[in-house]
Amino acid sequence: MGRKILLVEDDAETAAYLAKGLGQEGHGVEIAGNGQEGLFRGSDGSFDLIILDRMLPVLDGIAVLKALRAARIDTPVLVLSALASVGDRIDGLESGSDDYLVKPFSFAELLARVNALLRRREARLTAADHRLTVGDLEIDPLSRSVKRAGKKIELKPREYLLLEYFARNEGRVVTRTMLLEQVWDYHFDPGTNVIDVHVSRLRRKLEDGFERPLLHTVRGAGYMLAA
Amino acid sequence: MGSSGRCCIPSGAPATCWRPSPALPTSVRIALLAGLLAFLSNLAVLGFIYWRTHDEAASALRGQVIEQGAVLADVYRTGGMPALEDAIHDSNSFGDSQTAVALFDASGQERIGNLAAIPRSPDPLRDGFRNGLLRFRGQTTPQQAALQLHRLPNGEWLVNGRTVGDSFALRQTIERSLLIALVVAVLLGAVCGVILANYVGQRIGGIVAVTNRITALDLSRRVKLTGNGDAFDRLGHRINEMLDRITALMDELRMVTDSLAHDLRSPVGRLRAAAYAAAETTDPAERDQHLTNVLRQADSLTRMLATALEISRSEAMTGREQFTWFDVGALTDELCEMYEPVAEEAGAGLGIERPAGSLPLFGHRQLIAQAVSNLIENAIRYGARGGDIRVLSHKDGKQLAIAVADRGPGIPPERRTEALRRFGRLDSSRGAEGAGLGLALVRSIAHLHGGDLVLEDNAPGLIARLQLPLTDEPRHPPAVPAP
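Which chain is which? The protein sequence lines are A and B, in order.
As numbered in my numbering, residues 1 to 227 make up the first sequence, in order.
As numbered in my numbering, residues 1 to 483 make up the second sequence, in order.
Rather than coming from a laboratory, the hints here were simulated on the basis of the structure.
As the structure is a prediction and not an experimental result, all values here were calculated from the model.
Just so it is clear, CB atoms sit at the ideal spot from N, CA and C, and this is done for glycine as well.
Heads up, some of the hints might be wrong.
[To be verified] Partial list, derived from the structure: chain A residues whose beta carbon lies under 7 Å from chain B:
# : residue
1 : S43
2 : G45
3 : S46
4 : F188
5 : V194
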């Protein structure tokens, strides 16, 4: 499942670290050291994903992003930034990026987001059947109904959204911040374990009375829905 | 005069340097202007006086001459020539050197009287009053006079008149006085101008001195106020207010950097200790545990920095460009739904109280969400034992209130200010997790919206109330889109 990823990052140490990690996951990574080079290499549209640092020499990340989008390059872009405030995140997302990750971050977090973005692109390209299935779990996004082994499971609206997001990222790690951003649309960092509580409630509803677990905890990273 | 030529601080761009203009100094200009104004106003008044007196004197003289002529004509009409001759003799013998009365025959030859020759200026002679020259008998030079000619029925000419010597002298006196008055007025004006300029200069100089001290980074000085509430006082007052605000901001900044430096010491210390422990140990399981601890400490540190940054940004009013209209009611519903399971696990119920319908607010949705979630988390963390937690939102006149009320131990009134302060941790034993920034962040978000955070007694428990003014934004709230 190797993909072509362009990493635009001026800090050589960070770039090498990320390239190594993504390489181990089977992705081919090319590194551009400044914004101009990043724009030049990214504008042929041959990459599956661009990881773009916000603060770059020559041409800053947001400018590169805007130039790419103006040239109708719709490669998913993940922006990395040391600018951590809520306002900065919203700014970054509104300038056309697909995701925004604040430095410092764990590699697990980056990987989870990279995979989610790659998966989203794939799903968009193949326009799959609208029904989602994970093992014996069946989800119908149109009627918002969920069945496991033919038995209907009652979910509250937010629980359903949570499950659908998990299902669309089946077999991939999903982090707590990703859930907060994607399911609740909040871009701040809650101090409590609020996401964990919701996930464990959902897990109880999905797994009570069944042998096999579906919703797994991935230590140090987040959660994963997998049969 | 205090217009010193002191330049900007050395680091400033030279192009923006202020230098006194090469023209006249302000004090001299004000003095000149005051002098000129005094000159012009006095000139107007004096000119009027001159014109009036000049006119008065002339018309008085004319009246006298015409009256005298009429009297003499009457004498001739009633008493004939002999009576007239008597009257002329009487008048001449009176010895008034300014009054002229004389008779001339039809050819202009002098008959009787004190004039040497008939005034010839209009030729031929005509009846009537005019100003002209009269030569007295025994004098060689004619004098300026008001005079009247009257032709008697026998063809002779009666001339009477009065030299203007007297009134002329009076006029000259008045004119001289007026001129002196004018000079005095101009001098007085200039003196007043100098005094005025000095006064203004002193008042401004005081303000300039204070601002110069500010440029030299001394913020302790204040503009002295006279207390009479004039324009200078008002200016000084505004400058003092501005200085108070700047001082407060700088103090706050210093406090934040100091407390950041201080408060970062312990988490960084813990982080270092955990890393050191992981490096020292040989047991893989133990190392794993230590490394997990390292990550946890690093995350907590990151979170703390992000919060401190968020507070500074909000206090600096950054982020207002991301304000939008949103429904506070829907937001609190959403947050309650989000935190309800957490509250339940902590043994508390999370209830909501709000009016039906929407509560539109023009603000930063993400930051308000963060503020309210901070308040709810606080209530769960410290007030869950009391049971019932309520999230209340309502419109109160021109402001919107969002409050979170718990039944926990509350905060005693004397400690509430401390609770709102950055790093103002009430419970120092709380350890690594609570950095004491939560309420400070909520308050800074309230400030960003022009409102405030108020802590009140819930008897028992705590009410933390966000009070946000409802502004009349130019764009009226559209129907709030469904989330």
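Restraint satisfaction for F188 (chain A) [CB to CB of chain B, less than 7 Å]:
holds, 4 Å
Going by Cβ atoms only, is G45 (chain A) closer than 7 Å to chain B?
Constraint on G45 (chain A) not satisfied, violated at 31 Å.
Agreement of hint S46 (chain A) with chain B interface, Cβ distance less than 7 Å:
Violated, because the Cβ-Cβ distance from S46 (chain A) to chain B comes to roughly 35 Å (cut-off 7 Å).
So, V194 (chain A) near chain B? Judge it on the closest CB pair being under 7 Å.
Given a least distance of 5 Å, the restraint on V194 (chain A) holds.
Taking the closest Cβ pair, is S43 (chain A) under 7 Å from chain B?
Since the shortest Cβ distance to chain B is 30 Å, the answer is violated.
Against the hints set out earlier in the document, violations occur for numbers 1, 2, 3.
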